[in-house]
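Residue numbers (the UniProt record's numbering), protein chains in the order written: chain W, 1 to 388; chain R, 1 to 388; chain G, 1 to 388; chain X, 1 to 388.
Be aware that one or more of the hints could be misleading.
Identical chains blur together in the list; that is why a pair holds if it fits in one copy or across any two.
Said to hold, decoys possible - Okay, derived cross-link-like pairs now, EDC-like style, lysine to aspartate or glutamate, Cα gap no bigger than 16 Å in a straight line:
(1) Lys-31 <-> Glu-353
(2) Lys-112 <-> Asp-126
(3) Lys-102 <-> Glu-325
(4) Lys-165 <-> Asp-278
(5) Lys-31 <-> Asp-98
(6) Lys-70 <-> Glu-43
(7) Lys-31 <-> Asp-360
(8) Lys-112 <-> Glu-325
(9) Lys-102 <-> Glu-82
(10) Lys-54 <-> Asp-126
(11) Lys-112 <-> Asp-98
(12) Lys-70 <-> Asp-360
(13) Lys-165 <-> Glu-123
(14) Lys-165 <-> Asp-119
(15) Lys-363 <-> Asp-338
Please keep in mind that the hints were generated in silico from the structure rather than gathered at the bench.
Below, each chain spelled out in residue letters.
Protein chains: 4
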Amino acid sequence: MTVSTETLRLLESQAIELPSWAFGNSGTRFKVFSTPGTPRTPEEKIADAAQVNKFTALSPSVAIHIPWDKVDDYAALGRYAEDLGVTLGTVNSNTFQDDAYKFGSLTHVDPKVRQMAIDHHFECIDVMNQTGSEDLKVWLADGTNYPGQGDIRGRQDRLADSLAKIYARLGENQRLVLEYKFFEPAFYHTDVPDWGTSYAQVSALGDRAMVCLDTGHHAPGTNIEFIVAQLLRLGKLGSFDFNSRFYADDDLIVGAADPFQLFRILYEVIRGGGYGPDSTVAFMLDQCHNVEEKIPGQIRSVLNVQEMTARALSVDTVALAAAQEAGDVLGANGIMMDAFYSDVRTDLAAWRESRGLPADPMKAFAASGYQAKIAADRVGGTQAGWGA
Amino acid sequence: MTVSTETLRLLESQAIELPSWAFGNSGTRFKVFSTPGTPRTPEEKIADAAQVNKFTALSPSVAIHIPWDKVDDYAALGRYAEDLGVTLGTVNSNTFQDDAYKFGSLTHVDPKVRQMAIDHHFECIDVMNQTGSEDLKVWLADGTNYPGQGDIRGRQDRLADSLAKIYARLGENQRLVLEYKFFEPAFYHTDVPDWGTSYAQVSALGDRAMVCLDTGHHAPGTNIEFIVAQLLRLGKLGSFDFNSRFYADDDLIVGAADPFQLFRILYEVIRGGGYGPDSTVAFMLDQCHNVEEKIPGQIRSVLNVQEMTARALSVDTVALAAAQEAGDVLGANGIMMDAFYSDVRTDLAAWRESRGLPADPMKAFAASGYQAKIAADRVGGTQAGWGA
Amino acid sequence: MTVSTETLRLLESQAIELPSWAFGNSGTRFKVFSTPGTPRTPEEKIADAAQVNKFTALSPSVAIHIPWDKVDDYAALGRYAEDLGVTLGTVNSNTFQDDAYKFGSLTHVDPKVRQMAIDHHFECIDVMNQTGSEDLKVWLADGTNYPGQGDIRGRQDRLADSLAKIYARLGENQRLVLEYKFFEPAFYHTDVPDWGTSYAQVSALGDRAMVCLDTGHHAPGTNIEFIVAQLLRLGKLGSFDFNSRFYADDDLIVGAADPFQLFRILYEVIRGGGYGPDSTVAFMLDQCHNVEEKIPGQIRSVLNVQEMTARALSVDTVALAAAQEAGDVLGANGIMMDAFYSDVRTDLAAWRESRGLPADPMKAFAASGYQAKIAADRVGGTQAGWGA
Amino acid sequence: MTVSTETLRLLESQAIELPSWAFGNSGTRFKVFSTPGTPRTPEEKIADAAQVNKFTALSPSVAIHIPWDKVDDYAALGRYAEDLGVTLGTVNSNTFQDDAYKFGSLTHVDPKVRQMAIDHHFECIDVMNQTGSEDLKVWLADGTNYPGQGDIRGRQDRLADSLAKIYARLGENQRLVLEYKFFEPAFYHTDVPDWGTSYAQVSALGDRAMVCLDTGHHAPGTNIEFIVAQLLRLGKLGSFDFNSRFYADDDLIVGAADPFQLFRILYEVIRGGGYGPDSTVAFMLDQCHNVEEKIPGQIRSVLNVQEMTARALSVDTVALAAAQEAGDVLGANGIMMDAFYSDVRTDLAAWRESRGLPADPMKAFAASGYQAKIAADRVGGTQAGWGA
């Protein structure tokens, strides 16, 4: 057997949160392609997300986005989710789609706009209180397009002030996770562009403020697993947004562009204590299925993470440490590659079956008829997307 | 005087084509901000473009985009433009917004979709015949997001076939210019990703097929002026799409991100015979004014090109050649930098006035009241953007 | 069995040329670390290279570099190699280490320096005539560090002229392969920086001039397999220099940085007819073992290529084509990933044994005592490196 | 007058430290070109550095590098410098050229090697005590080339421990500045790759540990002025290593590759209080003059910094703040560009003359005959470089 019993045991508790918006339409500035069966409501998104969990038992919770998932009764939405076997997870704020935010939100030079953005986060915390969500995720699109357009330094100070106000509103069991992003939608400077900035900002807030690492939000060539190791070491890795990219923030399926990088990232997660029941690191997907089917796209994604975690858990760490101490470069690298090249899929399929899950979740979902059903049922209304 | 009489003489005939779509709304996949006064029709876009020419005498023509600028009577549109002192220029095709093109257009595996895309180009040529436009510009968004999604090689062969059919339809005085782009909207492979591909494809077509170089469409670190020099040497530089970028295809104002790069590009244009009355190289803008005002954004852009051309024309080429031959690295570089650091703005302002133009076109436009007028007049309707 | 009989049959004739210089010392501008047993002579390099072939049967030839491998009698060197079971392959020229080449070689503004560089290539052709080598590989380090230092356009014209003179000297069965490189050692412009330039230059020479693709010589994010597909389509892919990189031209072990990229490259090689007995594409390594052991580093490298070729040959091309035609993005991608994730190592080990080779060449070499022997024997003299 | 009296006053105290090694030979891994007159001793390097100050009054101190500048009597070396009008500045350690450091120095898995590296820094502090230097600069080349080669997390912990030991040895008026670098000489992971890591490490040490920002040590596209603003805000910007780059760590003349970037960096320095008599930020050059003359290369460099500082000081900050508050994107950007495009050279030349300096230091040095004299005098011996 390629995958050890111990590895399987450790995989049992793996949970990867799904983003509700992955089930809606997405695209580029050039075109958003629509697809039959796309959800029109938060409930339909959650129903689709529940399918992913049904076939994989890997995604017991769904992140929501305010206002994209705005409803009148969040407690009812939570009960709806629970009836489908999932819970509501991280609440994501949105300060990039109101006309008021053209020149910034939490960093805006105008205190009224800043307060509006702070109030929006208060609203998100209210939602969290209703849904029982523990994490408030802040991805800040703030930035400028031209040198001189904004005062980089002043914006950073205002950001610190705004975040402090939001942080003060959090409950005792709630966290704020601050996501960084290299660029886009701003094209000259971004106010939280790198892990260092997110780290400096959340460190100033307190213990329940953490960094969110989106795997697609780095400069070309960045060694992401190094950042993982560093943030775990500093006790500030709050959560992951998984996806993959060849160029910019492509938001492709996690593991699709550079599977070996995903392996190395997961290895450092495990190495640094970020994996397992004692870890507080949250694992999420944040992807766009622009041209592929969305539910299978999410199934493929959680399976990719599961399979790669199995490989990363399989590294012979004792032999690796020995090779590292001996300065045996090829030997140490070979131990990593052995684990990476191991084909864990057969063992995982058998293990899934032993747990009452389909051996091949992709095939099982395709055979379920769910996609055809929603394509037939969901007629009329407005398909969900980023604008709604 | 910093700018020589000879340089001023050479600047007289400078013409930079404006894209009609620069006057409509644009943005990112996250948000398109609208602005008061944004045109609702092709006519209103042309009217705005004519303002740029009125204040600068630098932009006598306007590129149109089909179907964004679709009208019933192109001849009438041309007369409308001429009444405003401009002409209609390059016709840009669009094969990226129809649902049929989700998996490609000219490269699509399905011959019916390919024919649909070819027919669209035939339609564009029909428009050219009515407007008297000489250039058909093909920017191909075709590509794939995942390894295996498409057959890279087969798509290239089909592209060649499709382009041949389009090329065959061109009139004797018409050209096809094929734009390349590193990535976006496709995130794994793009069918025309680099100048080499565009060059190979247009070389197979014939003398009237040329490469279009968009300054924002390259990998990080690419030496663009080298490509300019090479394409001029090979006789295949058809046109420029000017803009600037810090990261990806940011589409910022030309010269805004790296003015020295613009200087070097224009120097190689001049060095290679691409500037002046005998050149067939077409100069265009292709930008997005996501957060700044659009008409002043275009005025600023053509002025940037004019000012940088003045600097590039000021290089002491005799001294430069001598320094190069002598292996005088610092001397040769110093000659380039002398021209770049020369402040040509005062001389150009005086020269503008001598030609009956405002010394400061930005101020003159602001003082004209045009922006307030269109903001007041253009009420109702749907503001133009990329989707319309 | 994971690897099919047909795949094994196709693997039988695989040959990957080794660079003699991989067995000498290499490093960075900061430090070259020396290691016990490093060859002092061309003969010792060839002896080490022969070990790689002895344990893998994958590397029947050795590329040499003039003047690093300069000897009095190349025919004797060839016989020496043959006695060890290998042949001499590609001859690599060097026009970057003579003081005369500070400002260029084949592109130099001074005709005397150009002639010196051309003469060096004539000398290389003389060597080829003695060794029976078929390929003359030209990697041109020419370029400039500062804008203005050289005349980009003029240098390109002189390059064309110099190459034409070299090409004219080639025998009927000899080829010139022109390698491109994004940057380094020049830091502003490089005279052959991209595949387009190499393609344009070799196309002007004739049928026996081809492009050499070094996998480490591209801008960040470049889709290398696209270039492979394009060059094969254009009939101009002459050879590969295999290595891998995370940042610049890191010259790491092939497949070490991004194994999935190597898979995609080899898939396109096979797809485009570049693999197998009818192909004229030459496969070489070009790597630096700065910190790892050199002979095992080369063994690991050829095994990486072999294993990844086995995976690439395993792609179900019929199913893939069907999925591509159906627009089944996830299905098509899944077929690629299935092949990539297949663990071919057990089958290849068995196959090796069936051919009288060690199942695990790395272990077998380690057990052979060769490394200890050369460390003990090669005392005194000057270890080979790039300077010698 | 373009440059205001206030700006000139602020320029009076500008000081840019020169690196002694800039006067020795440097190059790439492919070739180090030597030049007539290159120093053979620390004294000769200092003599050359003093020439830069003599002609510019901009570089009153010289950084030294141990062991490249090892002498028996540092006090005597200091007096020698003072006789030439300069002082000894930052002491740079070197833990990348001893064979013991092949797999790391301060991060090495072997405590003996770590202690050796710590001891080397103690030696550097001893030198500082003799020279009166205030800054100990640590650039750590530590890293690995292959995944698995080292334990990223453990290395980081060991680094913290080693740095703490070094920091404890510092005198009350001494600082430790920790330089970060994206990559090279390590090609997979670097132990101090980004500002975040340097910031986290120095923050753990204490008030006298600071970050060193080398302008060439970032991923492609990184907004360096943002980092400047952030580090100043956090009170942790210790020093600059100025140079410029198009690709990797090219170490070209500061301002040569992207003068506008230098302008933006200096603007943020001034904006954040990093410029002027109250600032503790140290400004240094760290460049390689591989193909250009070294003394003029350094003169050109300090002039570039001076001229660009003059431009950055000329920004109309009151108007800029007003435009920023008004959301006037083009206006705010225009204010920045106005300052950047101002030609300050004539005013600075006049100001230099008023202070008894040559109007054109490049010309004055060329006319001085110094280069010819050292070329004639410095015969024999071994030219200084990175290996000595």
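Check your understanding: What are the numbers of the hints that this structure violates, sorted from low to high?
Key -> 1, 2, 4, 7, 9, 10, 12
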